[in-house]
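Peer 1: Residues per chain are reported as follows:
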Amino acid sequence: EAQVTQNPRYLITVTGKKLTVTCSQNMNHEYMSWYRQDPGLGLRQIYYSMNVEVTDKGDVPEGYKVSRKEKRNFPLILESPSPNQTSLYFCASSRPGVVETQYFGPGTRLLVL
Amino acid sequence: DAKTTQPTSMDCAEGRAANLPCNHSTISGNEYVYWYRQIHSQGPQYIIHGLKNNETNEMASLIITEDRKSSTLILPHATLRDTAVYYCIVRAGGTSYGKLTFGQGTILTVHP
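Protein chains in written order, with my numbering: chain X, 36 to 148; chain A, 270 to 381.
Because the hints were derived from the structure by calculation, they are not lab data. Source: prediction; values computed, not measured. Check each hint, because a few of them may be wrong.
Output of the computed footprint for chain A on chain X, the stretches with three or more beta carbons under 8 Å from beta carbons of chain A [claimed, not checked]:
#1 52-60
#2 82-90
#3 124-132
Covered stretches of chain A, going by a simulated chain X footprint (3 or more residues, C-beta under 8 Å) [what the hints assert, rightly or not]:
#4 313-320
#5 352-366
#6 369-381
Calculated Cβ distances over 10 Å to all of chain A for the following chain X residues [claimed, not checked]:
#7 Asn42
#8 Thr48
#9 Pro110
#10 Ile112
#11 Glu114
#12 Asn119
#13 Gly142
#14 Leu146
Using N, Cα and C, we set each Cβ at its ideal position, and we do this for glycine too.
The following block holds chain A by itself, in its conformation from the complex (with noise of 0.2 Å):
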């Protein structure tokens, strides 16, 4: 699995855009990106995934760059409830199994 980076930290302010950025220089052309993100201690919950397009869903939007090296998740009108840990995750499709590897992922901050 291509390993990600993602920045340790971000603040957003409540009703603005959050854009959460990762890095996936080495994704393979068979390797989908996740977002999960855990809220305090709860468990994590799925927020979307993508393959070579841009995403939408009722709860985010995926940007991949067109040399799928990058990403940006983008939560369009941040509030409180969305303060957590977010995770990027890269992996080749069909080959979980069920397991999932978590980085350290971003504490977003959103604050009023």
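So here's chain X without its partners, still in its complex pose (with noise of 0.2 Å):
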């Protein structure tokens, strides 16, 4: 089955402790990224990468990093969580083309105490 998983699900830490959000994607896409959803604001884009070692930064990139060392990988660090940090994360992958359709996963939840 076609599908992007996100681990973990759920994830409560406290501020500082470095935490790594993992992403796969199992249908061969060269674009995958990163959106962040809160209340109000809607799903804003972090990161994106194009392909393997290629990585650009989105609308809200402060306070994350990025690596895309595998094409089916993309994991969102965060080195030093803070509470603004608390949110809903969302992981993305698509293939390039005229018509380019995203394929979410099921969502990260983070709370940052």
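Dock the two chains into a complex; use the hints.
Peer 2: Quick look at the structure:
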């Protein structure tokens, strides 16, 4: 089954404790992205990657890092989480083309105390 | 990317057609109209897209006006499970680079 998976799905952590949210897709997609969703602000892109070893900042990259060492994986790293990074996070993937249809993961709900 | 305008919320009775409008008056000739929906904090789900012609798939129909300045997503027989936030997005072909810009969308509530 074609899918995007994220782990963990739920995470409670404390300020300053480094964490990684993993994202994996099995569709051989070149493009992958991370979004965060907050009430009243909608979905905002954090980082995106157009291919292996190619990443770029989205609209709200501060406080986040990403890496794309393999085509299927695109982990999101919070080196020193802060309470304002409490949010719902989505990973997505797509294939480049005239029409780009994005496939989203199930989401990771993060609470930073 | 062209800006889109959608109503904040809409209601629909179960079993009836849900017609969700979207205005995109500044759309360019090479820009596609995409629809996604998000059911209660799940990941957004692609529904349908179109350029000029009306489109239909197993989920919905997309009607685009002749001048392309507006479109309507039609769920022909809405069910309670169609309650969700529906996003209309306009994007030039081949320019997404993996990024979608979501607006506020329309909250569709399907009631019994």
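Peer 1: Each hint: holds or not?
Peer 2: Hint-by-hint comparison with the structure:
{"no.": "1", "hint": "52-60", "verdict": "violated (count 0)"}
{"no.": "2", "hint": "82-90", "verdict": "holds (count 3)"}
{"no.": "3", "hint": "124-132", "verdict": "holds (count 6)"}
{"no.": "4", "hint": "313-320", "verdict": "holds (count 4)"}
{"no.": "5", "hint": "352-366", "verdict": "holds (count 5)"}
{"no.": "6", "hint": "369-381", "verdict": "holds (count 6)"}
{"no.": "7", "hint": "Asn42", "verdict": "holds (14 Å)"}
{"no.": "8", "hint": "Thr48", "verdict": "holds (19 Å)"}
{"no.": "9", "hint": "Pro110", "verdict": "holds (16 Å)"}
{"no.": "10", "hint": "Ile112", "verdict": "holds (18 Å)"}
{"no.": "11", "hint": "Glu114", "verdict": "holds (23 Å)"}
{"no.": "12", "hint": "Asn119", "verdict": "holds (19 Å)"}
{"no.": "13", "hint": "Gly142", "verdict": "violated (6 Å)"}
{"no.": "14", "hint": "Leu146", "verdict": "holds (14 Å)"}
When the structure is compared with the earlier hints, violations turn up for hints 1, 13 and for no others.
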